[in-house]
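Visitor: The chain contents come next:
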Amino acid sequence: MSAGTGGPADAPRTREARLLTGAVIVTAFAAILLGWSEAPDLPPAAVVTGLALAVIAVVAHLAVRGAAPHADPTLLPIAFLLNGLGLVFVRRVDMATGSDLAATQTVWTAVAVGLMCGMLLFVRRIRELARLQYTFGLLTLVLLLMPLIPGLSAGIINGAQLWIDLFGMRFQPGELAKLSMVIFVAAYLERNRALLSVATQRVGPVLLPAARHLAPVLVAVILALVIMAGLRDLGSALLFFGTFVALLYVATGRLAYPAVGAVFFAAGAFIVYNLFGHVRVRVRIWLDPWADVGDTGYQLAQSLFAFGTGGLTGTGLGQGRPQDVPFSATDAIFTVIGEELGLLGATAVLLLFLVMIFRGYRIAQTAKDEFSTLLATGLTTLLAFQTFVIVGGLTRLVPLTGITLPFVSYGGSSLLSNYLIIAMLLRISDDSRRSALAPVSAKPSRKAAT
Amino acid sequence: MSRQITRLSLAVLVLFGALFVNLNVIALLQADDLATHPANRRLIIQEYAIERGPIVVGEQAIARSVESGDETLRFQRTYPDGELYAHITGYYSVLLQRSGLEQALNEELTGRPAEVLSQNLAQLLGGMERPGNAVELTIDPQAQAAARAALDGRQGAVVAVDPATGGVLAAYSNPSFDPNPLSSIDTAEINEAWTPLQDDPDRPLLDRTIAETYAPGSAFKVVAAAAALEAGLEPGEMFPDEGVYDVPQTTANIGNFGGGFCADGDQISLSDAMVVSCNTVFARLGVDLGDDALREQSERFGFNDTPPYELGVTPSVFPADLDTPSTAQSAIGQRDVRATPMQMALLAAAIANEGQLPRPHLVASIRDPDGQTIGGTDQGLWDDPPGDGRPVSPRTADQLRSMLIGAVESGTGTSARIDGVTVGGKTGTAQTGQTPNAWFIGFAGNDIALAVVLPDAGEDATGGQVAAPVARAVMEAALRDDG
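Here the protein sequences line up with chains C and G, keeping their order.
Each step along the first sequence adds one to the number in the numbering used here, with nothing skipped, and position 356 is 929.
Each step along the second sequence adds one to the number in the numbering used here, with nothing skipped, and position 482 is 531.
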């Protein structure tokens, strides 16, 4: 245990503690302001939210201090701040719609952070994950197929069959499947990147490596995509495909992969467009949300109204109309932020994501082995694409697909998988800084496992 | 791999850059359009938090706001008189937006400019508690009720104005509709009422007083006579009394209503021709004057223009470039000449008002919640048309007035006669479709001028038979009020 290492190891943790304190204070203030919009007394819900987050932050900080003392100090505070704002805005939606999601989300926050701490404690070297690559490959498929298992399945919700009921909790295993798939792909690419970088076959104008080197990962990825599409989770399929192509490019340095990926994407989009009526509807809404503003275009139109009403500074906490926006606690939570905190608040949230993403890529670049680099890249890219797709969807930059905004949206599975991403990024950054600080104590194995 | 990751992060940066730009466009550039978009409920909710001022006729509110009992939409509109004033007030609906005065006077009734409503600032300043302004109308409730009663369920429209001021005394269009269910805050109730109204072949939502034009028939002879008198002819000018006027350049000649001569078959004065509504004389007169003179005179009365009314009025039409046969037809209000009842009422008003064309208006005054008058009526002349609001000279107006009085005393309009009152008027029966448009335009003294049209009153209906009695009932009601 390196909890009492002292010296240089303390510096990042001290910074982290300060930033975490800031995140908790900002959240508590937001919660109080929100409460005041309803009643002049100090609202108990605000105190509870602030205290709960503070306790969870202390626990998380102690766990990281103990299990990953050299880890990057900014990731966790940003995640906490986004998570805290999410709690405030989920509570905001509760106030508007009479739902009671904020309490559940607070519990999920504790569970997710607990799992993050657990992962940091039990996975002491990230390479341990690489050894289990095929287990993760298989796990991906199992997770994806779980909603089809009778007895577990929660049935079709909002047109998609993505949920299971476990111990009375509704859970979306596909969120975790994305992580296990990225682990699998990163491990596979690390082992085969040399072979995949050598082009031996010409397909049209581009040179590609022999199919057999790519086959296993391609089969797994296509299988996963087909399952996601079959379960009507096209948003996840899109994210996953994008992340996979990005990883292929990073691993091989060959632009041919994104090029071929774009062709595949176009073909896939064409097939999906013709196969699924709801995709055609989504595209039509995207092109003209006003044509059917009372029905199919309702959500996007309401989202745009909210942003337009919010303007530069927003209506203020508690002054917007989240009850008008469908899925305002989950998919459309960024819309609620845009309305009540305005362009400034929305921009601040996006900047938080951007900082988190750039820290993620920095961690990838400074990681001590190639698996870590690829894993960090994949996880960060997943976060980046997910944020882009949902924010872009709500602002009509791209067609709207129903996925969560990481850390902010209501949803246990999403929160859980995002904190696991943070756990892995923390672990990777701890690995690399530790070896940088103590170059003689341990010689990191750069050899690929065989 | 580091270089690839740098490139990848730059790609992500570009994607986020697009998000930032797009957010700025929406939240800054498009913000106003989005905030005031008709489908944006926020505006409605803000508006429904305000107690709109009442619309008042006589001493009674014909539209007023009451607490709805709903949390989101605090107030709702009720219309105690149901369909009687529906086309004037319009409805005030969460689903259908607004119509009528509810739309046209929205800022006055809410007591706030539209820009304030689209901002949340108003709420922060506690400004939402102040009720809106009361709008008092020029409508005479007796005349309005008489119009509905006299139309007696038949399709038609009545517009009555005060000739001196242009204040509208009655404006009723039948069939009408009940604005109450449309102004409900329950969307199901709105839809249930709205669908049959839209599907109704009798088009109850159509305001026939201003939004529909009809061939004016012989009522348009007043314009032809005005053009002739303005050109220097006298009421005593003699015309040949023919059974049929041989219209140049066509075999489609023009006969008199019911056939035969207008007088003794020899000669007839312009004045007498008006009294008996002599087609052959006016067709000949129209051809003699030419289409330009007829058009010029009709435009001085307001044709081919939009009256400056609080509600949107469809322009009445005298077509351009007519050949001789068309000119002959147009002089007797057939062919493609079209007029709204509003336009025809203004025509009658100008004759009753010494040749001055009044500005039609509904608003008598606007009062703030403290009872202070903050806005007045839109009096004065309608001076946009050529002639600057004086379509004919006082002398011509007086001559026309005498002719129309003659028509009611001893001509086609005798059914409009009222004992002890100087009533003048002109009937019209335009054969344009399956059933004729029956018209009456006229005035009682200088107190009321009006136009009545029944576009579907039966195959043999004439203006004198069906429209003149309606006009009399409305005029009587209006006069009784004054006395």
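FYI, nobody ran anything at the bench for these hints, they're computed from the structure.
Think of the CB as a built atom: it goes at the ideal place given N, C-alpha and C, for glycine as much as any other residue.
Treat the hints with caution; some may be incorrect.
Claimed, not checked - Derived contacts from chain G toward chain C, CB cut-off under 8 angstroms, selection only: (1) I54; (2) V63; (3) F69; (4) R91; (5) Q95; (6) G107; (7) P418; (8) T422; (9) L430; (10) S464; (11) I467; (12) G469; (13) V470.
Visitor: All hints, please: hold or fail.
Guide: Okay, the hints, checked on the actual structure:
1. I54: 5 angstroms, holds
2. V63: With Cβ-Cβ at 10 angstroms, over 8 angstroms, it is violated.
3. F69: The hint holds - F69 (chain G) has a Cβ within 8 angstroms of chain C, the shortest such distance being about 7 angstroms.
4. R91: 6 angstroms, holds
5. Q95: Because about 10 angstroms separates Q95 (chain G) from the closest Cβ in chain C, which is outside the 8 angstroms limit, the hint is violated.
6. G107: Since the shortest Cβ distance to chain C is 40 angstroms, the answer is violated.
7. P418: Violated, about 26 angstroms.
8. T422: 35 angstroms, violated
9. L430: Check failed: Cβ of L430 (chain G) comes no nearer than 43 angstroms to chain C, outside 8 angstroms.
10. S464: With a minimum Cβ separation of about 51 angstroms from chain C (threshold 8 angstroms), the hint on S464 (chain G) is violated.
11. I467: 53 angstroms, violated
12. G469: Not OK, violated: G469 (chain G) not within 8 angstroms of chain C, min 59 angstroms.
13. V470: 54 angstroms, violated
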